[in-house]
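Could you put together the complete structure from these sequences and hints?
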Amino acid sequence: MATETEIYAALKEVFDDVFMRDDIELTPTLTAKQVQGWDSFKQIEIIMASEEKWKIKFNTRELDSLLSVGDLVAMIAKKTGG
Amino acid sequence: MTELHWLPPIADWRPRLRALGGDPAKAWDETVALANGRINFVLTNALDEAARRVFPAGPSGLATKPVRLAVLGSSTLTHLLPAIRVAGLRRGIWVETYEADYGQYLQELSDKDSGLHAFKPTAVLLALDAYHLTAGVTAGMDEPTASAALDEAVSHIRETWGLARDAFRCPILQQAALPAHLSVLGLNEHRLPGSRNRFLVRLNERLRAAAEEDGADILSIDDRAARDGLTAWHDTALWHRSKQEVSPTASPMYGDLVGRWLAAKQGRSFKCLVLDLDNTVWGGVIGDDGMEGIALGQGSPLGEAYVAFQDYCRELTRRGIILAVCSKNDESNAVEPFEKHPDMVLPRGDIASFVANWSDKAGNIRAIAEELNIGLDSLVFIDDNPFERNLVRQELPMVAVPEVSDDPVGYPVALSDAGYFEGLSVTDEDRERTSQYQGNKARDALKASATDLPAYLRGLEMELIVKPFDRIGLQRIVQLINKSNQFNLTTRRYTDEDILAVMADPEAFGLQLRLLDRFGDNGVIAIIIGRLQETKDLLIDTWLMSCRVLGRQVEPTTLNLIAEQAKRLGAKRLVGEYIPTKKNGMVKDHYARLGFTVAATNDTGGSRNLLDLAEFVPADTFIHVTEG
Chain A
2 MATETEIYAA LKEVFDDVFM RDDIELTPTL TAKQVQGWDS FKQIEIIMAS
52 EEKWKIKFNT RELDSLLSVG DLVAMIAKKT GG
Chain B
-5 MTELHWLPPI ADWRPRLRAL GGDPAKAWDE TVALANGRIN FVLTNALDEA
45 ARRVFPAGPS GLATKPVRLA VLGSSTLTHL LPAIRVAGLR RGIWVETYEA
95 DYGQYLQELS DKDSGLHAFK PTAVLLALDA YHLTAGVTAG MDEPTASAAL
145 DEAVSHIRET WGLARDAFRC PILQQAALPA HLSVLGLNEH RLPGSRNRFL
195 VRLNERLRAA AEEDGADILS IDDRAARDGL TAWHDTALWH RSKQEVSPTA
245 SPMYGDLVGR WLAAKQGRSF KCLVLDLDNT VWGGVIGDDG MEGIALGQGS
295 PLGEAYVAFQ DYCRELTRRG IILAVCSKND ESNAVEPFEK HPDMVLPRGD
345 IASFVANWSD KAGNIRAIAE ELNIGLDSLV FIDDNPFERN LVRQELPMVA
395 VPEVSDDPVG YPVALSDAGY FEGLSVTDED RERTSQYQGN KARDALKASA
445 TDLPAYLRGL EMELIVKPFD RIGLQRIVQL INKSNQFNLT TRRYTDEDIL
495 AVMADPEAFG LQLRLLDRFG DNGVIAIIIG RLQETKDLLI DTWLMSCRVL
545 GRQVEPTTLN LIAEQAKRLG AKRLVGEYIP TKKNGMVKDH YARLGFTVAA
595 TNDTGGSRNL LDLAEFVPAD TFIHVTEG
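Chains as they are written, first to last, in my numbering: chain A, 2 to 83; chain B, -5 to 622.
Please keep in mind that the hints were generated in silico from the structure rather than gathered at the bench.
Glycine included, every Cβ here is placed at the ideal spot set by N, Cα and C.
Treat the hints with care, since some could be wrong.
Partial selection, computed: residues in chain B whose CB lies under 10 Å from chain A [stated by the list, open to error]:
| hint | residue |
| --- | --- |
| 1 | Q101 |
| 2 | L232 |
| 3 | P242 |
Simulated restraints on C-beta separations [what the hints assert, rightly or not]:
| hint | chain 1 | residue 1 | chain 2 | residue 2 | range |
| --- | --- | --- | --- | --- | --- |
| 4 | B | R46 | A | E14 | 20 to 28 Å |
| 5 | A | T4 | B | D208 | 57 to 65 Å |
| 6 | B | R32 | A | L64 | 26 to 34 Å |
| 7 | A | E14 | B | A13 | 36 to 44 Å |
| 8 | A | E5 | B | Y125 | 37 to 45 Å |
| 9 | A | Q37 | B | D23 | 27 to 35 Å |
| 10 | B | Y125 | A | T4 | 37 to 45 Å |
| 11 | A | L64 | B | P295 | 38 to 46 Å |
| 12 | A | T6 | B | D208 | 58 to 66 Å |
| 13 | B | S104 | A | Q37 | 44 to 52 Å |
Shown next, in the form of structure tokens:
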């Protein structure tokens, strides 16, 4: 069972890999608009890398509801029973 | 599972990627090294971005031929391009890609002003998705209607190949349809003529047959999906979301499949498998456990697994892969199972080079490459011992060393999944190869016993069979043109299409030379392309030879043949160029040795050499020439 802090830390590793930089600060309200290069392809990369990391699968409705980093963390927490 | 499991994980991969840059030659080697680590799709994309930042115009001076690959498709393919480019990097090949606009491939092919034409591809990948291919096919169709739809789909694809071929004269790779459709009848789905699921299976069969006729190649992702599981390749939710038929997580594997095709097209597939023995070919240590103690053969699951691995190796030799042994052992111990163990599948005769001693393996692998006269970059080395694997990777980065566990069940899987030996066809030479190398050793033994060279050469009873380029020889000709580095005067790399153009040109000739001797058939060992210039000079565009036959008077005999051809075309002089590369220093004075006059040299060490045909006296050699 992962705590929210642990999820943020692990998600940071995903973002570091996806954007190959380590200065993106993850906050609950962070969205694609605020990060340079975060386009629809990167969005899919983030989601699929998260699925791989936590061995979870988002369904179609869940994917549609992911608008911010906070949404993603909450969804991961829910799916991992956190 | 679409993981590139045969590649070793690299612990400091991320910091090394971020540090990429600086001296171009070093940065290139580092890029290739990073591409050879086990990376997922996210890191693959990151490496692609970094490589394109460091080499905005592509690296220069590579031994490989850069590729311009156009990807034509009916759905989103953008996410596959970085992985294709990285798969090129993995093999030292720089790949530029072009993606035709979503579903616009026919228009772009037909329109000479399109971006596709401006791109000038040197290879084309046609990737049509399962949904596009089955548009209009429904379970309500009767057999004639479904068959007509199938015929139409096949002929549409063949027409597309034809358009691409006419426009770009380049090799074509057709993606097999991914079997993404569910069955609607069930177990006996094949009884439903209009089944989309069955339609794609039938289509793939037909495409393979059509590809044989039309000279296209197939990207068998259907077979891959059958091994990995369809869901590893195709995510239906993603299809609805972004029209990505191949899941991004499968993109490194997809890219690697394309990359191995690109490499094979340049004749750069691996040729030889070097085997460790103890705990790789049998279980246990022969020197300690003895013949009765090693695990091999029926009776134990482990023993059977080693038999299965040997059987896979044996199958590889039957399609032309050379086997060698590199083992830390006393030679007598190492050989014993090959000669006496009843469950050994591999006979001693299948091993073209057998090295068992206590020296370090990197040095021994070098010696194997030398003995077999092939490049280190043609070798794959398999060893259960991580220490030996890492030593060889470090000392000889050009040798492929699959990452394997201590479970022999995984050894054939690693070799097969890695696609090291990707072959596009099987030539007779391939089937004969191991016996050719065996013959070489007999020749060396004779050489050691002969006291003078002329007596040795006479004793070889050599016969050179000269043949103009032909379609039967095409695969081998292209393989040699793209793989020969050392004895290669100009190192010009050509495709099938270029060779067909030489065959059609009345002002040019192409020769393939096969050498036979009392020990066997050496196969096609030299390729010549000559072209008559307007000045009535005959330019020797390409002269390359296999190093296996060095020192056997093949060179002067070949010159006799070139002179004959030149005179036939009405030439007065021969012009031979030497274009230096990192690897062809051995032929720097080739033309001077044959009696040419050096007409010009340049500051890179290249030269242009002339031979007056009126004064040329053919050399007398021990080689008997016949026309094939």
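Original post:
Against chain A, is L232/B within 10 Å by beta-carbon distance?
Top reply: holds, 7 Å
Original post:
Lying within 20 to 28 Å: is that true of the beta-carbon distance R46/B to E14/A?
Top reply: holds, 24 Å
Original post:
E14/A and A13/B, beta-carbon distance inside 36 to 44 Å?
Top reply: At roughly 19 Å between Cβ atoms, A13/B and E14/A fall outside 36 to 44 Å, so the hint is violated.
Original post:
Okay, E5/A versus Y125/B on CB: inside 37 to 45 Å?
Top reply: holds, 40 Å
Original post:
Do the beta carbons of Y125/B and T4/A sit within 37 to 45 Å of each other?
Top reply: The hint (37 to 45 Å, Cβ to Cβ) holds, given that Y125/B and T4/A are roughly 42 Å apart.
**OP:** Could you check the hint for me, namely that Q37/A and D23/B are 27 to 35 Å apart, CB to CB?
**Re:** holds, 31 Å
**OP:** Using the Cβ atoms, figure out if L64/A sits within 38 to 46 Å of P295/B.
**Re:** Taking Cβ atoms as reference, L64/A and P295/B lie about 44 Å apart, which means the hint holds.
**OP:** Using the beta carbons of T6/A and D208/B, state whether their distance is inside 58 to 66 Å or not.
**Re:** Since the Cβ atoms of T6/A and D208/B sit about 59 Å apart, the hinted range of 58 to 66 Å holds.
Original post:
Is the shortest C-beta separation between Q101/B and chain A less than 10 Å?
Top reply: Hint on Q101/B: violated, closest Cβ of chain A at ~25 Å, above 10 Å.
Original post:
Does the nearest C-beta of chain A fall within a distance shorter than 10 Å of the C-beta of P242/B?
Top reply: Since chain A brings a Cβ to about 6 Å from P242/B, closer than 10 Å, the hint holds.
**OP:** Confirm or reject the claim that T4/A and D208/B have a C-beta distance inside 57 to 65 Å.
**Re:** holds, 59 Å
**OP:** For the range 26 to 34 Å, tell me whether the beta carbons of R32/B and L64/A fit it or not.
**Re:** Given a distance of about 28 Å, which is inside 26 to 34 Å, the answer is holds.
Going through the hint list in order, the structure does not satisfy hints 1, 7 and 13.
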